[in-house]
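Trainee: Heads up: the protein sequence lines correspond to chains E and V, in order.
Note that the numbering used here numbers the first sequence so that position 10 is 10, with each residue one more than the last.
Note that the numbering used here numbers the second sequence so that position 257 is 1257, with each residue one more than the last.
The hints are simulated quantities; they were obtained by calculation from the structure and are not laboratory data.
One should not assume that every hint holds.
[Stated by the list, open to error] DEER-style ranges, computed between Cβ atoms:
{"hint": "1", "chain 1": "V", "residue 1": "1348", "chain 2": "E", "residue 2": "20", "range": "23 to 33 Å"}
{"hint": "2", "chain 1": "V", "residue 1": "1158", "chain 2": "E", "residue 2": "362", "range": "30 to 40 Å"}
{"hint": "3", "chain 1": "E", "residue 1": "59", "chain 2": "V", "residue 2": "1339", "range": "19 to 29 Å"}
{"hint": "4", "chain 1": "E", "residue 1": "334", "chain 2": "V", "residue 2": "1281", "range": "35 to 45 Å"}
{"hint": "5", "chain 1": "V", "residue 1": "1281", "chain 2": "E", "residue 2": "23", "range": "23 to 33 Å"}
In this text, a Cβ means the ideal position worked out from N, Cα and C, and glycines have one as well.
There are 2 protein chains.
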Amino acid sequence: MNPTLPKGFRASGVAAGIKKNGKSDLALIVSEMDCVAAAVFTTNKVKAAPVIYDQKLIADGNKLRAVVINAGCANACTGEEGLRNCEETAQLVADAISGLHLEGGVQMAANNVFVMSTGVIGVQLPMDKLRNGIPLAVSALSEEGLYAAAHAIMTTDTVPKVAADDIAVPKPDKGPGKVAHFAGIAKGSGMIHPNMATMLSVVMTDAVVSPDTLKKCLDVAVRKSFNRISVDGDTSTNDTLLVIANGASGLQPDPLEVEILLTSVCMDLAKQTARDGEGATKFITIEVTGARDEKMAETVGRTIAKSPLVKTAFYGEDANWGRIVAAAGYSGEEVAPDKLSLWFGGVHVFANGTPTQYPEEAATAAMKSRDVSVKLDLGMGNASATVWTCDFSHEYVTINGKYRT
Amino acid sequence: MNPTLPKGFRASGVAAGIKKNGKSDLALIVSEMDCVAAAVFTTNKVKAAPVIYDQKLIADGNKLRAVVINAGCANACTGEEGLRNCEETAQLVADAISGLHLEGGVQMAANNVFVMSTGVIGVQLPMDKLRNGIPLAVSALSEEGLYAAAHAIMTTDTVPKVAADDIAVPKPDKGPGKVAHFAGIAKGSGMIHPNMATMLSVVMTDAVVSPDTLKKCLDVAVRKSFNRISVDGDTSTNDTLLVIANGASGLQPDPLEVEILLTSVCMDLAKQTARDGEGATKFITIEVTGARDEKMAETVGRTIAKSPLVKTAFYGEDANWGRIVAAAGYSGEEVAPDKLSLWFGGVHVFANGTPTQYPEEAATAAMKSRDVSVKLDLGMGNASATVWTCDFSHEYVTINGKYRT
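Here chain E stands alone, though its shape is the one from the complex (with noise of 0.2 Å):
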């Protein structure tokens, strides 16, 4: 399936020369009509003055109708002059849609519309480059522009990251019906263990959906699929997750449907992500199984994925079980030694606390791939969970001890 925007949204990127190397650098995302929206924002502490900004935004219960994101600048740790220039950007896009008269015909007003940041920390946002270049990404919207949009927020990304997922009512084999299609974009690496090039992502959908029904849903989705990706164990100050639901499509699928929909699309971006990790050269699944808890198994799921010496190992391509029993053990969880099993792909390597006799070859062969699994059982009880992240490489080190040059 080709992912494409759900019904009633235009998508836009533009170039606007906030990014030094004249790439797209400006998103834009309208819907015709209002939408209902629920957003997770960093637990940093330090947050990113859009993130303050929305925070309000969606406290106070506006409908937004636009989100309009600049890579190439966080404006983080930008004081009050921060703070209004987010104001201004939401009244530029406010200001440039009015004047289509698109359909529905509402005016729209700043505080209809969504903010969000991404790059560098402590430089003022280029507000000339955003006065000249909202026109331009309005200009630009299409509802083709889905792929656009997700180019102009990459930073450190070397691949777009888009999702999609759709539910029919009744099913496709019983008669035409209505279709509520979800699709998001994504950039950067995790909510929790986010690097500084920070994770935003939007997911769109032409459902009816509640306001209530949609934050539940997006704080189970976000639960299992941004929380349970890892790149470095650092978490940004500009991260935010918005999911934005239109009513387009008349459709209004039970909780549940909600639930899994946006999971899948969730998931799917957060795994992108992950795969697209900073000097990533592998992509590593660890499941976890055998906790007292769900907690239990993704704690010690993200403690393995966050290890740097696990992480090298794997990019060594050594199965170096050692270091995840060793990550489990540090984890803060009950772990107990003598009841943990380590495979390597199919290859059993550690068995009730100790070695078993696995022939080197067959371990070392299951680190070969791009794709890695491990699987750590814990033995303690039935709960398991899965964490995705990608392995600690050379090139990550280039990327970030330069990123500002």
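Once you have looked at the hints, place chain V on chain E.
Mentor: Chain V in isolation, oriented as in the chain E frame:
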């Protein structure tokens, strides 16, 4: 001062063939008389056999006479056989020393011997090599053996770590009196954030110290030294710090003096360890001031010290203060972004939550030296803490991608 062993101690380091490269890999420290002992161990739930063995030894209040340390094999994840090998190693040492009829004349038992290991996880100790090596180490014992022992416990270390300090009563300028010596050796990275190469350290003194005082002083010393360094945020299965006091000087210092001397030696060893972190090209001192309490300062400092983004920026000599501020923000402490101020060397780059108008060249210049210092003021109180770390280099990835091979 050229560090030497305190009175009544002998040490050696020999090649027993445990390391594949033929370098020395077996260290032995012996005291002519019984020692009072105190130790701290890894908090990892997955503990190596010698850690489990030594914890019982210390808990049972055994007097120590010897410490045996092998490099090249961690004896971790080795089950019952691993524990039996600790016992046999201790017995081999006790038998070989007892055959020497050292001054003091007491026969040594296995439970007078502390056993430490470092190296690869999941492999049983090569006992045939220890059976041959231990008599060699005993015959090499010497009052000049401090550096030989420090050499023999190295793994990925590039230099041996030795530190010493002493205390004279009455003070030298008031005529001859008694002198108590402290000397220590260390290898690996940190107690809280050690790399898999493991932090091991032994500090010896000929001061007269009670078991209670020794334990209390050790807890203070480790908190201000090894617990304040970080190389990569991983916590090993083997980390151990042992301090032994044989009383041979006849001098019983005040507890506060013991605390100061022990802290001085441990801090020296800890800083040497951070400086020699795997692949390190820079030694970084992070001073956090203006905290509500010392724990807050320490937590913020440690979070900064283990951030891969901060550490790669240091490697790239990039004065990327945004990453330091962001790390403070996700430390879990209640930092107030608008009260933060930051200095690179003497360059004030960030004041009360916004960047200053500092010259970028000055900040970059401060990053160019081998030793870099950063000061972060939280603006909330009077407590402070200093932590030490190193940068994150291409060489770190190389070392840890191929450690086992």
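Trainee: Are the hints correct? Go through all of them and say.
Mentor: Checked hints:
no.: 1; hint: V/1348 / E/20: 23 to 33 Å; in the structure: holds (27 Å)
no.: 2; hint: V/1158 / E/362: 30 to 40 Å; in the structure: holds (34 Å)
no.: 3; hint: E/59 / V/1339: 19 to 29 Å; in the structure: holds (24 Å)
no.: 4; hint: E/334 / V/1281: 35 to 45 Å; in the structure: holds (39 Å)
no.: 5; hint: V/1281 / E/23: 23 to 33 Å; in the structure: holds (32 Å)
Violated hints for the displayed structure: none, as all numbered hints are satisfied.
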